[in-house]
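Line by line, the protein sequences give chains D and S. Under the numbering used here, the residue at position 256 of the first sequence is numbered 256, and the numbers go up by one with no gaps. Under the numbering used here, the residue at position 206 of the second sequence is numbered 206, and the numbers go up by one with no gaps.
Hints in this document: simulated from the structure, not taken from any laboratory. Quantities reported herein were computed from a predicted structural model and do not represent experimental measurements. Watch out, some of these pointers could steer you wrong.
Which copy? The list can't say, so a pair holds if one copy fits it or any two copies do.
Said to hold, decoys possible - Computed cross-link-like contacts, SDA-like style, restricted to lysine to any residue with a CA-CA straight-line distance of at most 25 Å:
(1) K368 <-> E339
(2) K368 <-> S41
(3) K224 <-> E99
(4) K368 <-> D40
(5) K139 <-> T63
(6) K224 <-> R107
There are 2 protein chains.
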Amino acid sequence: MTNEFGPLSVPRRLLMGPGPTDVHPRVLRAMSTPITGYLDSAYFEILDEVAEMLRIVYETRATTMVVAASGSGGMEAGLNSFIEPGDTVVMCSYGHFCERMILMAERLGANVVPVRSEWGRAMDPQLLVDALAANPGTKLVTAIHAETSTGVLQPLPELSRLAHDAGALFMADMVTSLSGCEVRVDEWGVDYAYSGPQKCLAGPPGLSPVAVSERALETVRTRKTLPSSWYLDLDLIDQYWGPDHVHHHTSPVSMMFGLREALAMALEEGLPTRFQRHASTASALRAGLTALGLELPVPAAERLNQLTLIQVPDGIDDNAVRQQVLDDYSIEIGRGLGEFRGNKWRIGLMGHSCQPGNVLAVLSALEKVLPAHGYEVGVGAGVAAASAELAKHDIRVP
Amino acid sequence: MTNEFGPLSVPRRLLMGPGPTDVHPRVLRAMSTPITGYLDSAYFEILDEVAEMLRIVYETRATTMVVAASGSGGMEAGLNSFIEPGDTVVMCSYGHFCERMILMAERLGANVVPVRSEWGRAMDPQLLVDALAANPGTKLVTAIHAETSTGVLQPLPELSRLAHDAGALFMADMVTSLSGCEVRVDEWGVDYAYSGPQKCLAGPPGLSPVAVSERALETVRTRKTLPSSWYLDLDLIDQYWGPDHVHHHTSPVSMMFGLREALAMALEEGLPTRFQRHASTASALRAGLTALGLELPVPAAERLNQLTLIQVPDGIDDNAVRQQVLDDYSIEIGRGLGEFRGNKWRIGLMGHSCQPGNVLAVLSALEKVLPAHGYEVGVGAGVAAASAELAKHDIRVP
């Protein structure tokens with residue numbers, strides 16, 4: 001074993017997968033700021049800023065705070081805090097991360113009622129109507145707004161309404177949606193929303209910013225049993241973020257600086273402008289991919305702008321193509337997960353990665369790489385179509 | 001609500017509390033490196049480096065990896081993974097963080113046997129002998145090596161031996177000890193060790209590097225029930241860190257870069273040199289504090305070098321003194337926790353904060369602030385004594 005590892009060396013990537021996405025240089029710089037303690041009054045001011053900015057991006061007056069764990073930690077923090085053993089939880093499932101949520105709830109001893117629907121499609125709310133009718137007394141309904149594994153926008157307002165009509169709490173994953181498309185926590189009645197900085201916010205992976213309704217917090221505070229996880233107990237996290245700043249875990253200061261800066265940048269751009277940037281850039285990507293003859297399996301009306309699902313052409317080696325795009329162009333695109341493994345690609349255009357130049361770069365790479373693996377395309381056709389689409393929009397990159 | 005929060009602004013602090021401590025500029029810079037994806041082969045190489053360097057600093061051949069949560073997350077990951085409801089866990093307790101561990105184990109449904117001893121003193125191993133004799137079939141014994149709330153070094157090798165003699169697994173908190181004093185995971189037979197980068201490693205808070213023995217991993221893999229937390233399941237985390245890199249949570253890439261750099265710097269300095277730096281610098285702090293007439297409650301033979309416990313003099317307002325040191329000198333020192341709240345201070349000298357100049361700075365601040373709060377000291381006496389002690393040592397700051 002050597003004791004000389006030398007300085008860190010990292011290849012420069014263009015991140016166009018499902019996340020993390022490129023972190024904006026201003027956010028990277030914020031993370032290199034010398035830190036304060038996590039019980040320092042100056043740090044509490046930064047936490048207050050983060051909470052206030054989260055209320056703006058989530059469009060809520062509810063309690064906002066940050067779980068010191070990745071997005072899956074935010075997912076589990078909700079389940080851990082709301083579910084007591086034996087509680088009935090109706091869980092909408094149409095993708096890999098929905099299935100992860102089910103696994104978590106099962107571990108917590110919930111009576112899990114999965115409501116499964118086709119991957120790559122928006123869910124028919126009638127399925128939830130039926131499940132709730134069959135399961136009176138349901139405590140919690142869960143759904144994912146923008147399933148990162150499928151690239152589909154789900155009918156969240158409708159699902160939330162149905163949950164509330166049944167008297168249940170509604171918990172929503174907004175990991176891939178937050179600041180990339182409209183998110184209205186209060187108007188839609190979402191009791192618990194969680195997200196991550198590493199998608200449309202152009203921040204670092206490793207945190208989970210959340211919004212919790214008063215009703216949801218009250219549910220945690222009045223449980224009969226304590227949540228099995230102390231680290232992911234939303235009541236304890238709330239007590240640290242609240243005015244008393246009760247000692248809990250050591251806050252990840254550097255990442256919080258990064259998230260703070262990412263939120264400030266999102267608000268400087270303005271949310272409507274930001275949503276439009278995601279929409280316009282994605283339309284150019286779709287035009288380019290279509291010009292290359294690639295199939296986009298999600299119906300047009302249900303597509304996410306943040307993430308585009310692509311059918312791997314018959315006979316093409318999914319992995320070999322992605323690896324060559326990475327090796328030759330240093331561009332990361334995403335593989336399929338679960339039942340999409342090996343037969344789907346996912347291209348993300350989120351946050352700082354969501355730029356016109358990146359659309360052209362990934363299309364150009366595919367134009368070169370796909371023929372080498374047996375899929376002929378008209379070289380130049382993809383970038384030409386994308387460029388024509390880009391010319392229709394006024395896209396300013398922050 | 002305004003949409004203009006402007007750029008991040010953070011006061012420059014000198015962190016001489018219980019942690020986090022000052023992050024080395026080279027580590028801060030590493031965190032500002034543009035990121036890769038967490039399934040990128042280049043990132044896996046960095047994870048492999050981190051794991052290898054952790055084996056060196058932990059002095060182990062066991063499996064090493066990083067829990068994507070703060071030190072308390074590493075604590076809970078162990079308990080969550082090893083304990084099944086009803087299991088007997090004998091928990092040594094002589095400080096605030098030991099009590100936190102007990103709270104966590106109780107939530108997990110363990111049959112918790114606390115073995116409590118005096119705060120601020122090393123534990124008498126006979127107490128553990130008795131507890132194990134009274135609780136045959138104990139599955140797990142827990143202890144903290146260097147209790148951050150008390151500044152005491154505990155007799156870990158002896159406690160570990162007793163646990164093994166009783167057939168139990170031994171889990172040890174090495175948050176404040178790792179890379180600040182000797183830590184020999186294999187020689188001492190520690191089955192699960194966890195730590196944090198934000199103490200003696202001069203890294204950012206928010207991660208928990210761990211070492212897990214094969215026996216401990218086998219315990220997790222052969223449980224009858226699944227751990228209630230998916231996020232903190234050591235078997236799943238191991239599957240991501242292992243050769244198959246099975247998809248789990250999104251890895252906190254920027255912080256991992258920081259931890260990687262912090263580990264590389266610790267190895268460049270050399271562990272024996274680093275331990276000596278902590279010892280020499282602490283001896284100067286103790287000389288200075290003693291010259292100011294302050295009482296150090298921990299017996300000399302049991303003191304940590306990383307963290308010094310100080311008795312708040314009678315009639316002195318703990319909080320007012322700390323706040324003035326922070327406001328006037330931008331130096332953070334620690335308050336007491338639990339039964340030490342209001343009557344103890346804690347001064348940390350860890351990692352990059354462990355420097356001769358910092359010893360003089362904090363003593364000079366105390367010489368000015370303490371008299372303003374009614375505790376007379378000979379101005380200059382503290383720094384003179386510390387300087388005389390520093391002159392005896394050859395301390396090189398990395």
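Hints, one by one, checked against the model:
no.: 1; hint: K368 <-> E339; result: neither (28 Å within a copy, 68 Å between copies)
no.: 2; hint: K368 <-> S41; result: between (54 Å within a copy, 22 Å between copies)
no.: 3; hint: K224 <-> E99; result: between (27 Å within a copy, 22 Å between copies)
no.: 4; hint: K368 <-> D40; result: between (53 Å within a copy, 21 Å between copies)
no.: 5; hint: K139 <-> T63; result: within (20 Å within a copy, 40 Å between copies)
no.: 6; hint: K224 <-> R107; result: both (18 Å within a copy, 12 Å between copies)
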